[in-house]
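Q: The whole structure should be built from the sequences, with the hints applied where relevant.
First to last, the protein sequences are chains R and S. Those letters in the first sequence? Residues 7 to 396, per my numbering, in order. Those letters in the second sequence? Residues 117 to 426, per my numbering, in order.
The set of hints was computed from the structure by calculation and includes no laboratory data. Please note that a few of the clues may not be correct.
[As the list claims (entries may be wrong)] FRET-style restraints, in silico, Cβ to Cβ: (1) ARG409(S) - LYS307(R): 44 to 54 Å; (2) GLY255(S) - PHE318(R): 50 to 60 Å; (3) HIS129(S) - ALA340(R): 53 to 63 Å; (4) MET281(R) - GLY136(S): 53 to 63 Å; (5) THR308(R) - ALA286(S): 19 to 29 Å; (6) MET321(R) - ASP288(S): 44 to 54 Å; (7) LYS307(R) - ASN345(S): 38 to 48 Å.
For every residue, glycine included, the Cβ atom is placed at its ideal position computed from N, Cα and C.
This is what each chain is made of:
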Amino acid sequence: MLAKSFFATVFRSLSRSLSRTRAITVKELRQLSRDRMTFGMIVMIPLMQLMLFGYAINTDVRHIAAGVVDMSHTSYSRDILQQLNASQVVSFTRVYDSIPAAEQAITNGELKAVLYLPPDFAQRLVSHPAFTGKSSPTARPIGQWLVDGSDTMIASTLRSLRQMPLDALANRTPSLSVPTFETVQYFNPEQRSVVNIVPGLLAIILTMTMILFTSAAIVREREQGNMEFLIATPVKSFELMLGKIIPYVLVGLIQVGIILIMGHLVFDVPIRGGMTSILTANLLFIFASLTLGLVISTIAKTQLQAMQMTVFLLMPSILLSGFMFPYEAMPIPAQWISETLPATHFMRMIRAVVLRDAAITELSKDALWLAGFTVLGLIVASMRFKKQLD
Amino acid sequence: MSSKSADFAIETHGMTRKFGDLTAVNNLDLAIPSGSIYGFLGPNGCGKSTAIRMLTGLLIPTSGDINVLGSALPQQAEALRMRIGYMTQKFSLYDNLTIRENLNFVASIYDFHGQIGKQRVNELIALYGLENREKQMAGSLSGGQKQRLALAAATLHRPDLLFLDEPTSAVDPENRREFWERLFDLSDSGTTILVSTHYMDEAERCHALAILENGIKRADGTPKSLMENMKVTVIEVSGDDLRTLKNHLVAQPEVLSTAQLGTRLRVLIHDWVTDPELWLTQQIDGRSIERVRPSLEDVFVASTGGHRVG
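A: Okay, structure coming up:
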């Protein structure tokens, strides 16, 4: 009898708690639907980033502006310039009479590189092994590239010209050398960078919007004075936190849908993983990011502060999560920082699921890490979130 | 529950709140009878809001005991939530929700669901004259409408005790009168009301009030008893060149304070002056004098040592 009434009391208070949580969610969704700017951003941020990273960001460098200082004036020098132009790596736009004038053009930023062909270019060429097809101990380089080395991406592209084959110049059929190794490119055989970027973009967009929206949504209540009224009502802290984050789970899933569907339609990014795996991975990360937003909301006093703290977390998430630069290339301390970011763990999972059709169970380490992060974040947030004004 | 706490809706002993070095509320003792309208009168920054926030459980006191409706604060704050209503100084409902949506939200927070909630919201919309505006966004309402909406939200769950923090600061006099009619209705139906204000005419409507300055209670009682027990005599002087006279009078130790009201100068003379009229006649160069009834503002000035409300 006593147990029965105990359960009845628990059930009643639980159902009241749920209905208060629902009231906050409904209110939040209604406010969100009236905030045209925020509503627009939910759709525009992923679309915009997708287009930028899909079309604009490309690590394949082409048509580097170059000049030439030709001291030999032979038909060979004209031929080699033509061949270099045809390779599309560089495009020669200027001709200079002297090295200093060409160097000045590099300093001014008009050119990224200058090719110097010495007066004895023709002699050097005809005795060069790449031209003759025979090894020669006295051979010297046929010319010199002067390169603006400050941009490492451009510099390394030009470095690839050091071993340029000269068979065509010598009117020979290309000598077919046998490669040391053979490579097979799985999952992205055409080596398009957009294939790797689109799933990674999910981590960046969700980090940005999930953390910012939740932290701002709660700080806003405090900043605009709504909190003072809410605290004096029977609403409990966890009901308020839960009611406020549920709408943003939906927002996060909408953004995931936009990025994956548009990425597939516009950039032909393969989606190999199943719905369940993709949804699980995304929900794990959405919850981790939302709790991070909750923790921020208990620290930030104003919406501006919440925004600043989001940017503080966003920058390492972009740079250290493996989105732009491979995790393997980072120094060990940077890898430690990288490991503390939820984005890193999600990046591994979502690329594995979307591109390689890995199962969540095979990625349990990252999945457990995100779940643990969420639990820890919730504990910290509810300990810091007091139903008091001070 | 002791009979004592049944008589008093609010009882505090030595309620104190410090913010760093600043003591916002200092050793405040209160005993507010159930069913009364009690006022906190004082200038901005005197500790009115801080006191109300402690009494609603929003702030934890640095020291002192608080008992509200028989519950000890801040320990039993959650148990009180259903029984108290709080109308904040700043409008605290949602600007981008309509009147009805705001009230529906508050109704579901207080566990008024379905038909019961709908009926209660309709009742409040009619009672506070918001019928034609229920689809209007709260952010676009006038000061008076916002205030009526806030009162409707604070009283939706029919609280036994209602806290109002400067409820009429953004409202014109006519709306203020109307607002006080509603408060008297609530009081009639048994609600205890604690209202803070810096308007004298509002303070005068309270059954009893406390005058606060720098977090300290300077005087309390009914408006009538406060005026009767004043330790000053109030005399009005009429005539020309009152500014010069004022400057002369405020320098005298017998005078507590002066205030010019149009062509008259209101002079507060300490009650240790045996014949204040005679003393004043000697100071004023043949201008005419008249002894008048003290007002609540005089009480305020007398109890706060010469500062005017403002």
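Q: Compare the structure with each hint and give your call.
A: Outcome of the hint check:
1. At roughly 49 Å, the beta-carbon separation of ARG409(S) and LYS307(R) lies within the given 44 to 54 Å, and the hint holds.
2. The hint said 50 to 60 Å for the Cβ distance between GLY255(S) and PHE318(R), and at roughly 32 Å that hint is violated.
3. Take HIS129(S) and ALA340(R): their Cβ atoms lie about 59 Å apart, and the range 53 to 63 Å holds.
4. At about 56 Å, the CB distance of MET281(R) to GLY136(S) agrees with the hint of 53 to 63 Å.
5. For THR308(R) paired with ALA286(S), a C-beta distance near 23 Å keeps the hint of 19 to 29 Å intact.
6. Roughly 51 Å separates the CB atoms of MET321(R) and ASP288(S), a value that falls within the hinted 44 to 54 Å.
7. Checked against the hint of 38 to 48 Å, the C-beta distance between LYS307(R) and ASN345(S) comes to roughly 45 Å, which is consistent with it.
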